[in-house]
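Under UniProt numbering, the residues of the sequence shown are numbered 1 to 640, in order.
These are computed hints drawn from the structure, not numbers from a lab.
Among the clues, some could well be false.
[As the list claims (entries may be wrong)] Per label pair, the in silico range of CB-to-CB distance:
# : residue 1 : residue 2 : range
1 : His-216   : Leu-266   : 13 to 23 angstroms
2 : Glu-307   : Thr-535   : 18 to 28 angstroms
3 : Val-368   : Leu-544   : 44 to 54 angstroms
[Unchecked claim] Computed list of lysine to aspartate or glutamate pairs in DMTMM-like fashion (alpha-carbon distance at most 20 angstroms, straight line):
#  : residue 1 : residue 2
4  : Lys-500   : Asp-557
5  : Lys-549   : Asp-117
6  : Lys-500   : Asp-611
7  : Lys-549   : Glu-333
8  : Lys-500   : Asp-553
9  : Lys-148   : Asp-389
10 : Lys-500   : Asp-538
11 : Lys-500   : Asp-534
12 : Lys-500   : Asp-518
13 : Lys-549   : Asp-534
14 : Lys-549   : Asp-611
Glycine included, every Cβ here is placed at the ideal spot set by N, Cα and C.
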Amino acid sequence: MSALVASPAARPASGPATSPAVAAATVPPMTRAELRTRRTQEQTRSPVLERMLAFSLVAVVVATPWFPSLLPVLMLGPCALVSLQAAATRRLRRPRVLAVLAVVPLTQLVSLPTAPDLPRAAVLAIISVLGWGCAAAMVQLTDPRRVKLVLTTLLVVLVAVQAQALASTGQLSSSAGGAVVSGRLQGVFAQPNELGAFVVLLLPVLVAAAVQPRLHAALRGLLALAVLVVLGGLVMSLSRGSWLGVIAGLLALALMLPAARRPLGLGAIASVLGLVAVIVAAPSGVIGIIGQRVGSILTPSASPSDERPFIWQLAYDVFRAHPVTGVGPGGLERAASASTSPVSVEPPLHAHNLPLTVLAETGIIGLVGLAVLAAAVLLALGRVLRSTDPASRMWSSVGPLAGVIGAGAHGVIDFPWRNPALTLTAWLLAGAVGASPLAAPRFTTLLRNIDFMTSSPASGRATTRATRTNGRGRVLPVVVALLGLSALAGALYVMPQNYKATATLGLRSTGDSRPPADELKLLAQQYAVALSADTVVDREQARLGIAGKPSVDASTDPDTATIRVVATASSRRDAAELANAISSRADENLSPDRGVSIVQLAPASAAHASDSPPKLLAFGVGSVVVLCLALGLWLLRRPA
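From just these sequences and the hints, can you work out the full model?
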């Protein structure tokens, strides 16, 4: 037995020849220290692939705010590269945070059988699975510099989005004591609350980066300027829920990061003094509207168009009808349209409240998952506060955690995370928390047999096996690339192609009783809702004989009485005819005593109809993903 555990140096230099099988049986077992060393080497076996993983995440971050429809295709890249890295290293970095995050897609998948709109619910659930894959990709970045690269890209995108939004600032108008404000900043997002939610997630990360020690003065000044730009966009969004979420996130950051307490304290004092001055002076213009908006936080029911109490009651009723698994992701909208609630005319996308949305869509199962997530966040916060390790106070660790805490506080008031950019950002921040030293990552061995790591006299078989592998390594990536491109082309070929055509209408005052501008805008919004009703679309579809399942979305331009009727159909001609037909019959919804008329400003044209989704662009992005996977596979299989 002692000969089995003896080191190679202690063995006789000469002796009788042994067969490969006997030699393999006499290989000494590895000690714990040697096993740890081998595992570390195994973990870093493919640094090129890890760099590809980081740059794929950067590409997703850069494209998402401006090309949200490409998000599912782009997210496939990091998810597939994670699988390749697991195959290369035979080990997967799996902190407890990653296991807890899996609760989100799992509860959504469980609720699919009860979803009234199964295709849409399945798409949302798949996007959640891909989001979890992107979080797993962040966790696999063992080099902190690569995690910081992804977070820095997020911050650059944040500043760019805010600067673009500030450049398009319009004229504000307020009513109902600041509860209703038109002309709010929204940037590339569909509404101002989404712009504010983007700031809630990333402003703590930006502040944490700006206050880190040993930072060059020029870079610190640049980051301070970026903070001011982001704060300006947040203020002009006039999103009250986002303001409260930012306060919660920055408070959490101040608790975790002592270096941030002094600048945040000075900023808080300056903000309070400025707010008191605004309230006392009661100025007019933009400053006055901002002061009214802040004051309306204490009277949220002052808005005459606030339907949140009805939406909350609807979400609770939906939960009572489906208490276990809910109505599936995105099912609240379909349930609202089929109900007798006052909001059935314009059904909400969500319940404007995170717990109620989770209850309605995923039932008790989802609520338990949400409680597990909240407990994990609180445990991570407590771990930071108790830790004395300086690595646990890095900006790339505490900043994302503070952003997640702020987003959770914001979720009590609103639920703006249906936007792809916000969803991806939340997943990446959660992954950054999992990649930090606080997560205490564990490693799961995907291949328990580690004989391939040990050197033994039976090297002839290993050499033969490696030779065969290297021979296949030149062919397999080419085959994967060809099959992937063929599958992508086939999927895009069979994918149904829809076309969108837009007709533009204008609401104008007529007669002696001219309504004021604010009332005219409100009327335009009401008529837009009426024009996109399902009954109107079904009637025109039957009259025109349009095949398939067309849809119409009518909306108003910000701060105007202009209505855009966007019709979607399977052909350009059908889309244009449907948009023009609904526009020509818009005056049927007018009341003669309102003193308004609808004028068609621009009819829809089949020649200018846009295709959705753009297949050529989707094929280009998908081809890049497939070729990156083939390159990663070639890197894994090439000789060392």
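Handout entry: Unsatisfied constraints (hint numbers, rising)
Key = 12
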